[in-house]
Amino acid sequence: MQETEAILNARREVEICNACRYCEGFCAVFPALELRREFSGGDLSYLANLCHNCRGCYYACQYSPPHEWGINIPRTMAEVRAESYEEYAWPPGAAKLFERNGVVVALAVAASIALVLIVAMAIGSPGAFFSARPMQPGAFYSVLPLLTMQIVGIASFGFALVALWMGARNFWKDAGPTEKVGVTALGIAAWDVLTLKNLGGNGNGCNDNSEAFSMRRRHLHHAMFYGFMLCFASTCSGFFFHAFLGWHAPYSLFSLPVVLGTVGGVLMTVGTVGLFVMKLTDDPLPNARRLLAGDVAMLLLLAMVAVTGLLLLAVRSTGAMPLTMAIHLGFVLALFVVLPYSKMVHGVYRSAALLRRAVERNMKPLGGE
Amino acid sequence: MPDRSQTYDVIVAGGGNAALCAAITARQAGASVLLLESAPKAFRGGNSRHTRNLRAMHDKPNDVLTDAYHEDEYWDDLLRVTGGNTDENLARMTIRASSGVFGWMRECGVRFQPSLTGTLNLGRTNAFFLGGGKALVNAYYLTAERLGIDVLYDTEVISLNMDDGSVRSIDITYRGFPETVHARCVVASAGGFQANLDWMREYWGDAVDNFVIRGTPYNRGRVLKNLLDQGVAPIGDPTQCHAVALDARAPKFDGGITTRLDSVPYSVVVNQYGDRFYDEGEDVWPKRYAIWGRLIAQQPGQEAYSICDSKAFPLFMPSVYPAIKADTIEELAVKMKLDPAKVKATIDGFNKAVKPGQSFDNLKLDGNATEGLTPNKTNWARAVDKAPFYGYPLRPGITFTYLGVKVNDKAQVLMDNGHTAGNLFASGEIMAGNILGKGYLAGFGMTIGTVFGRIAGQEAARHARN
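Chains as they are written, first to last, in my numbering: chain Y, 1 to 369; chain F, 370 to 835.
This is chain Y alone, in the form it adopts within the complex (with noise of 0.2 Å):
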């Protein structure tokens, strides 16, 4: 990492942090940084991923704002985070998408609803596009060919996955640790992020908009993220009917990749309109405020990719459907363009920031008796 601002005023907070430890008890961060009494900008980098953001140690500490040190680690790891984001993006000349990442989002939506919809108008005549078709095998498909669907998912996706893949190396490679990674370590790492043990004060809760603690916040994101993971294995699902069973979309309500879909898109609306109402009502003051617009971006695109789902759903044997289709594929690929540039990147720095504190689980603190 590079030494700016940020990373200068982190170093500064984290040593005031080792020398207190009282919220030691709060989350992984506090006992990672007790593991050292010099921190390197990857040292840094690593830590501000660590944190999940929950804000316990904010209320929590004595030094906070306005105390004349204005400890605030919740925002000053959020900022070394996106710095992070940038520091790591790849190609490298993608880190300057972070900077206005609510409009980059927003265009990109845009225009892939736009190309989604010219590249369906120009296979179908516009006459039949919004006619109303039978549910039969092959009808999402004589609205856009499989073949275009195949191969426009998959290099958007692909791309994404690899650019998340060069993202994670070059974190690593700053901020990774010095010893070997072991199984148990990535079991441990695995547990942490599938769970959010972090998120929330070692099983107290986060700090929302005040000092009372709450689980809303990781039940939103579990709700969130598990509803992601749902719609994934519905497409997987999908896939698998067609290429191997060779039974064809679209299929039946009670059918495995409708009822997958149904529940996860389902879980990802609740999560990702419940986090988009708490970012509204937060705190601002441990909050990192040009990261908001950024944050609530995405927020609304994992929304209206799970809700335009759903809408597919309901309309799928009316006239509706093939526009419908067109603009829940739109937001599909916008969710996979900018995929390696938005907000989405915290969960591969994340696990990998969990990944290192569990390899160096067994280290001592410095200090004490």
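Be aware that a few hints might be false.
As the list claims (entries may be wrong) - Pairwise CB distance ranges, derived in the manner of DEER restraints:
{"#": "1", "chain 1": "Y", "residue 1": "GLU179", "chain 2": "F", "residue 2": "TYR543", "range": "57 to 63 Å"}
{"#": "2", "chain 1": "F", "residue 1": "ARG544", "chain 2": "Y", "residue 2": "ALA111", "range": "54 to 60 Å"}
{"#": "3", "chain 1": "Y", "residue 1": "THR281", "chain 2": "F", "residue 2": "THR608", "range": "49 to 55 Å"}
{"#": "4", "chain 1": "F", "residue 1": "ASP578", "chain 2": "Y", "residue 2": "ALA190", "range": "53 to 59 Å"}
{"#": "5", "chain 1": "F", "residue 1": "PRO669", "chain 2": "Y", "residue 2": "TRP191", "range": "57 to 63 Å"}
{"#": "6", "chain 1": "Y", "residue 1": "LEU280", "chain 2": "F", "residue 2": "ALA411", "range": "21 to 27 Å"}
{"#": "7", "chain 1": "F", "residue 1": "GLY517", "chain 2": "Y", "residue 2": "LEU115", "range": "58 to 64 Å"}
{"#": "8", "chain 1": "F", "residue 1": "GLY574", "chain 2": "Y", "residue 2": "ALA293", "range": "57 to 63 Å"}
Claimed, not checked - Calculated from the model, a selection of chain F residues having no Cβ within reach of chain Y, i.e. all distances over 12 Å:
{"#": "9", "residue": "VAL470"}
{"#": "10", "residue": "MET474"}
{"#": "11", "residue": "ASN565"}
{"#": "12", "residue": "ASN579"}
{"#": "13", "residue": "ASN595"}
{"#": "14", "residue": "GLY791"}
{"#": "15", "residue": "GLY806"}
Keep in mind that the hints were calculated from the coordinates and are not lab data. A virtual CB, placed ideally from N, CA and C, is assigned to each residue, including glycine.
Here the structure of chain Y is known, so what remains is to put chain F in place on it, guided by the hints.
This is chain F only, laid out in the frame that chain Y set:
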């Protein structure tokens, strides 16, 4: 906005742990309660916001404390640190009550965590608050709000107007404007006077200008002085305060725990003239850190300098300020504005006096000592010879004062004439001198505050109803 013209059942003067325990307990007993906190909301909680644990008796391990800590051992610890300057009846009552506070604290939203890194010696005796004392204070204020206790911040109590041993009215300034409020009973939980430098100056002279006050600047002792002026019986030595060694770069107020330096036992400590003045290795640090404030206060300019080498550097908790670092002792001395030749001579003399001894062990009194020095270092003495060298400037940091008001086992305040005050109770630092007349026992102030806060709240509510 509370209706401040009403007569409350109970008014609590103060806004820290003891005040909150009293206010919540009184409210739970059915009383109407007003709490007056002199600090603004952001700095509420008095010194409690800088605390981290509470010392509790327990007969078997529980979810926050290991092993057992029986009444007699607790009492022995207290007897040792106070040198008998305690009231056995009140002390044992407090110790016994300390085992039963967890359930109530949890109901009030207080959360606990395993003992902090670097405090292994406290894991058996002290229950640590998740996030520390400010998180505890936050939990209590949320509870107070939920229960309908009226809370006024930025509100200083100017006078508890006593007549015939009872408080008739309370003069306050609310956000700078004078007002008078009324209550059937009053609980004084407004702390000591360690932030009142003019009062401290009466005993310490101009040395106070070089003191650092570790806690809140709002503990000015106004309620304490006001009560003592009205014939309330004092307790505790007014000249005494708890003083530790702090990093001299600490802010004048509110630096809390992070400016404390634990480097002394592994260092050579010199004064402004480069001379050593006390055995740095006399005993394990938890038993000795509280004498170093006084030792430094007695040195010229109230300053001292802790010097160690890179062998010793990783052995103690880091301070919030970076160590001053140099490749030679002379260079380090210059950086600390000390006479390099003198400091070099002191360190060389020290290194020569180190007896070849047993293997170094920072976990116990290892007996590695110097010979022929005045004073000698009697444990953990090792040559200071492995560059780079590290130094910290030290000053006395004042935690709390011992002077207080005398109380009985019902937290009732006693008058000079031996009678109990009619409707006045006290809890927390303002009466801790009854039990901890001298010395220091980690987490015991919070125990006294919690136990006596609850008694005071209970008794005040009962008294108000009758």
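Do the hints match the structure? See the list:
no. : hint                               : verdict
1   : Y/GLU179 with F/TYR543: 57 to 63 Å : holds (59 Å)
2   : F/ARG544 with Y/ALA111: 54 to 60 Å : holds (56 Å)
3   : Y/THR281 with F/THR608: 49 to 55 Å : holds (52 Å)
4   : F/ASP578 with Y/ALA190: 53 to 59 Å : holds (58 Å)
5   : F/PRO669 with Y/TRP191: 57 to 63 Å : holds (58 Å)
6   : Y/LEU280 with F/ALA411: 21 to 27 Å : holds (24 Å)
7   : F/GLY517 with Y/LEU115: 58 to 64 Å : holds (60 Å)
8   : F/GLY574 with Y/ALA293: 57 to 63 Å : holds (59 Å)
9   : VAL470                             : holds (19 Å)
10  : MET474                             : holds (14 Å)
11  : ASN565                             : holds (20 Å)
12  : ASN579                             : holds (19 Å)
13  : ASN595                             : holds (28 Å)
14  : GLY791                             : holds (37 Å)
15  : GLY806                             : holds (27 Å)
Every hint, counting from the list given before, is met by this structure.
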